[in-house]
Amino acid sequence: MIRFLKYKWFQVGGFGLLLALVPLVVTNRYYLTVMIFIGIHTLLVVGLNLLMGYAGQISLGHAAFFGLGAYTSGILTATYKLSPWPAMVMAVVLTVVVALMVGVPALKLTGYYLAMATLGFGIIVYICFKELVWLTGGPSGLVGIPRLSIGNMVLDEPRTYFYLVWGITLGAIAVSLNIVDSRVGRALRAIHDSEPAARASGIYTARLKIWVFVVSAIYASVAGSLYAHFITFISPSSFDFMFSIKLVTMVVVGGMASIWGAVFGAATLTMLPEVLAVFHDFDIVIFGLILMVVLIFMPQGLTRGALDLWEKYRFRRGIAEGPI
Amino acid sequence: MKRGKVRKIQILAVLLLATTLTWSGCAKKEEPKATYKIGGIFAITGPASFLGEPERNSMELLAEQINAQGGVNGHPIELVIYDTEGDATKAVLNTNKLIEKDNVLAIVGPSRSGTTLAVVPIVERAQVPLISCAASVKITTPVKSWVFKTPQTDVMAVAKIYEYMKGQGVQKIAILTVGNAFGASGRQQLLQQASDYGYEIVADERFGPKDTDMTPQLTKIRTLKPEAIICWGTNPGPAVIAKNMRQLAIKIPLYQSHGVASKKFIQLAGEAANGIILPTGKILVADVLPDTDPQKPTLLKYIADYEAKYKIAVSGFGGYAWDGLQILAQALEKAGADRAKIRDQIENITDHVGISGIFRFSSHDHNGLNKEEAFVVVKIVNGDWQVIQ
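Heads up: the sequence lines are chains A and B, in that order. In terms of numbering that gives the first Met the number 0, the first sequence opens at residue 0 and continues consecutively. In terms of numbering that gives the first Met the number 0, the second sequence opens at residue 0 and continues consecutively.
These are computed hints drawn from the structure, not numbers from a lab. One thing to keep in mind: the hints can contain errors.
Here are the in silico distance ranges between beta carbons for each label pair [stated by the list, open to error]:
id, chain 1, residue 1, chain 2, residue 2, range
1, A, 26, B, 308, 38 to 44 Å
2, A, 143, B, 250, 41 to 47 Å
3, B, 200, A, 130, 18 to 24 Å
4, B, 140, A, 89, 16 to 22 Å
5, B, 245, A, 27, 57 to 63 Å
6, A, 93, B, 207, 54 to 60 Å
7, A, 166, B, 262, 41 to 47 Å
8, A, 130, B, 262, 29 to 35 Å
All residues carry an ideal CB built from backbone N, CA and C; glycine is no exception.
Please model the complete structure; the sequences and the hints are all you need to start from.
Right, dumping it as structure tokens:
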């Protein structure tokens, strides 16, 4: 058990060390900006993966929690001149309240019905962002969100923001790895496989599902706050239904029920459109093609798929060498 | 057998990815030293593609023409254009890419007000001139040192309409605006400027971008007895309003915004379009402008060139990017490849005849247009435009 824990912390530590070195090597602001977005997306996807990959509960409205975080932070700091850090905490509190209000009735549903309920929730929140003009600035967006600062240091350079975003994201990854390996994590997977069976073996499934829903909403809210303070401008179109779908795609492409898969999924889907930009008008077609190829040949996602290929390769070599 | 086939497809997929990567690698290397690199970011796909596509087309057309004539002082112009999909995140990423990776001298775009406001902090910090193609007044008020814009603002459109109405003896008006960024900004200006002209707004109604029946709003407006209705929206809502007014036999004049200034609106509204008065950029009425108008030759040439190359009818929006690149080319001619000097030279342009108007930039005006030249008031008569002011 202790060896296993060491191994897990070694993973997080190694990844953290690698990330810490990145801004020393990469000075180009564009690449750093891409990596900041990967960090924000990773935070979102790790949370959604806990809900979807582990507990097996789909959410097509996750952009709403992301937006709630962004708008609460944005409105409190830009309109009411509150300091960003307390605003971020208040965003989390508000998100928890909303997640409970939505989660308690919605998570009684399963399958398609749960998908529809969360989809509806996402669309309602999006319409609120658009129509509450006096509060959110409406479709023209909210301007004048200040940047984050620690003490007297304003984090307005991509390099410093990179450390902040990835610091928080690494923390979230560590927490998630811990959750997954705990009693709760095993209970979540039990719910995924069969809810009646889980209930029969003494798991309080209703409470656990709401709990994981709230945790993933908190991740999304923090990601939203980080996004708002980085771009310093938010408008409803960043939190629409398509963004929820994009998050689900990241979870699926990266690999369900895999925390590191979430990192891969977020990184791949954030970078791919950038790389494909050289194809101009055809980039969307190639993007779709790559997604199809991944899902047909690696239905378990990139992480699991890559591992499978490696195992297969080793297995074949083993056979070839065997008789000699 | 089957397994081998799958493997082949897998290899094919990997090869495809590999080509993608090498392709992007190659693209970076071809950088002839003498070119002037200009960036463009437009909403080429997505909900605002009706803006982004003609903007990209116009910019490519103009770059082609400039290069055919030997470029700017012998330097050909090289365009790097990215798609924002109308999304703020994409706009921020692509702006950083243009500045840090492609190292462009200046940027034209983005197409929408929201995306422009999202990239303003980036260009301000990186000190790169940006000429936006978006309408919002917020972009250039207050003046930001590196940000310019070419389209007319809502302030001008509202002022132009209010000014015209003054001559008609109207006192009480009703406004009817659409629930998107365009309508929200127009509504704000309509409410704000009403007192300057001494109008009383008796009804302030709204409709959704996809609504198909506005009789409830119009019935309510009718009971309040305004002397004119101003509708601020983009298709198809305003056409529905025109038709509903006929059905309800509301006889007072209907004013529309420049958001419906296209033949499409006349098609949608049909017979009900006749008699409607609206402000529009001159491009729609180029052929009926008086010959003394200084913009007429520029407009006619742009329309002819655009339609010859792309075989589609010109829209009012491509002109924003055309003006943007024209202004940059002029500034480049005097400044050379130096971002700070380009910025200074743009401020020095005081008589550029463009598509959207005559640009007179200065250190306190980064839009450079005025309402007298940027807009004309037209009336729809027998399904065609007639200039009335």
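How the hints compare with the structure:
At roughly 41 Å, the beta-carbon separation of residue 26 of chain A and residue 308 of chain B lies within the given 38 to 44 Å, and the hint holds. Checked against the hint of 41 to 47 Å, the C-beta distance between residue 143 of chain A and residue 250 of chain B comes to roughly 45 Å, which is consistent with it. Separated by about 21 Å at the C-beta atoms, residue 200 of chain B and residue 130 of chain A satisfy the suggested range of 18 to 24 Å. Between residue 140 of chain B and residue 89 of chain A the Cβ separation comes to about 32 Å, which falls outside the hinted range of 16 to 22 Å.
Here the CB-CB span from residue 245 of chain B to residue 27 of chain A is close to 60 Å, well matched to the stated 57 to 63 Å. The hinted window of 54 to 60 Å between residue 93 of chain A and residue 207 of chain B is violated, with their beta carbons roughly 27 Å apart. Range check, residue 166 of chain A to residue 262 of chain B: about 56 Å between beta-carbon atoms, so the 41 to 47 Å window is missed. One distance hint, 29 to 35 Å for the beta-carbon pair residue 130 of chain A and residue 262 of chain B, holds here, with the actual separation near 32 Å.
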